[in-house]
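Undergrad: Please put together the full structure from these sequences, using the hints given.
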Amino acid sequence: MHDVSVPAVGTEKDFLARLALDLREFATVRDWERFHSPKNLAMALIVEAAELVEHFQWQDAAESLTLLPEQRQGVADEVADVLIYLVRLADRLDIDIPLAVQDKMRRNGIKYPPLSPAGSGSGE
Numbered sequence: 000m001h002d003v004s005v006p007a008v009g010t011e012k013d014f015l016a017r018l019a020l021d022l023r024e025f026a027t028v029r030d031w032e033r034f035h036s037p038k039n040l041a042m043a044l045i046v047e048a049a050e051l052v053e054h055f056q057w058q059d060a061a062e063s064l065t066l067l068p069e070q071r072q073g074v075a076d077e078v079a080d081v082l083i084y085l086v087r088l089a090d091r092l093d094i095d096i097p098l099a100v101q102d103k104m105r106r107n108g109i110k111y112p113p114l115s116p117a118g119s120g121s122g123e
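Quick note on numbering: the numbering used here labels position 92 of the sequence shown as 91, and the sequence is numbered without any gaps.
Hint data in this document are derived by calculation from the structure and do not stem from the laboratory. Please read all numbers here as calculations on a predicted model, not as lab measurements. Idealized CB from N, CA, C, for every residue including glycine. Check each hint, because a few of them may be wrong.
Computed list of lysine-lysine pairs in DSS-like fashion (alpha-carbon distance at most 30 Å, straight line) [said to hold, decoys possible]:
{"hint": "1", "residue 1": "110", "residue 2": "12"}
{"hint": "2", "residue 1": "103", "residue 2": "38"}
{"hint": "3", "residue 1": "12", "residue 2": "38"}
{"hint": "4", "residue 1": "103", "residue 2": "12"}
Across the chosen pairs, the derived CB separations fall in these ranges [what the hints assert, rightly or not]:
{"hint": "5", "residue 1": "31", "residue 2": "93", "range": "16 to 22 Å"}
{"hint": "6", "residue 1": "11", "residue 2": "41", "range": "18 to 24 Å"}
{"hint": "7", "residue 1": "105", "residue 2": "29", "range": "33 to 39 Å"}
TA: Below, the structure is given as structure tokens:
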């Protein structure tokens with residue numbers, strides 16, 4: 000498989016679409032598609048998310064913001080693993096991630112409206 004390419008100019012949607020294709024090809028040439036059911040991919044995603052959390056176990060908020068270079072690399076690796084499984088899961092279920100995020104954010108904006116500025120008199 001060729002290296003995963005990041006478009007020099009393009010949108011996040013272009014990047015995610017290319018990444019999905021690259022990950023699909025990576026799995027196909029290794030005959031892993033048969034293992035990549037939505038259930039298995041969701042379980043793998045949770046495992047990788049737990050490995051990400053492990054890097055921050057027992058740290059306070061300030062410590063979690065000041066990672067040493069080797070810690071940062073470990074966190075970056077786990078973030079990549081989480082994204083890989085998330086993109087694979089979305090690809091297998093034919094979910095357009097940017098559209099799903101836009102829709103979810105729209106619904107979140109309705110469900111959780113912005114707080115009124117202090118002193119605006121909106122509580123009167």
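Undergrad: If a hint holds in the structure, say so; if it doesn't, say that too.
TA: The hints, checked one at a time:
no.	hint	in the structure
1	110 / 12	25 Å, holds
2	103 / 38	22 Å, holds
3	12 / 38	25 Å, holds
4	103 / 12	16 Å, holds
5	31 / 93: 16 to 22 Å	19 Å, holds
6	11 / 41: 18 to 24 Å	22 Å, holds
7	105 / 29: 33 to 39 Å	38 Å, holds
Going down the numbered hints, you'll see the structure goes against none, and every one checks out.
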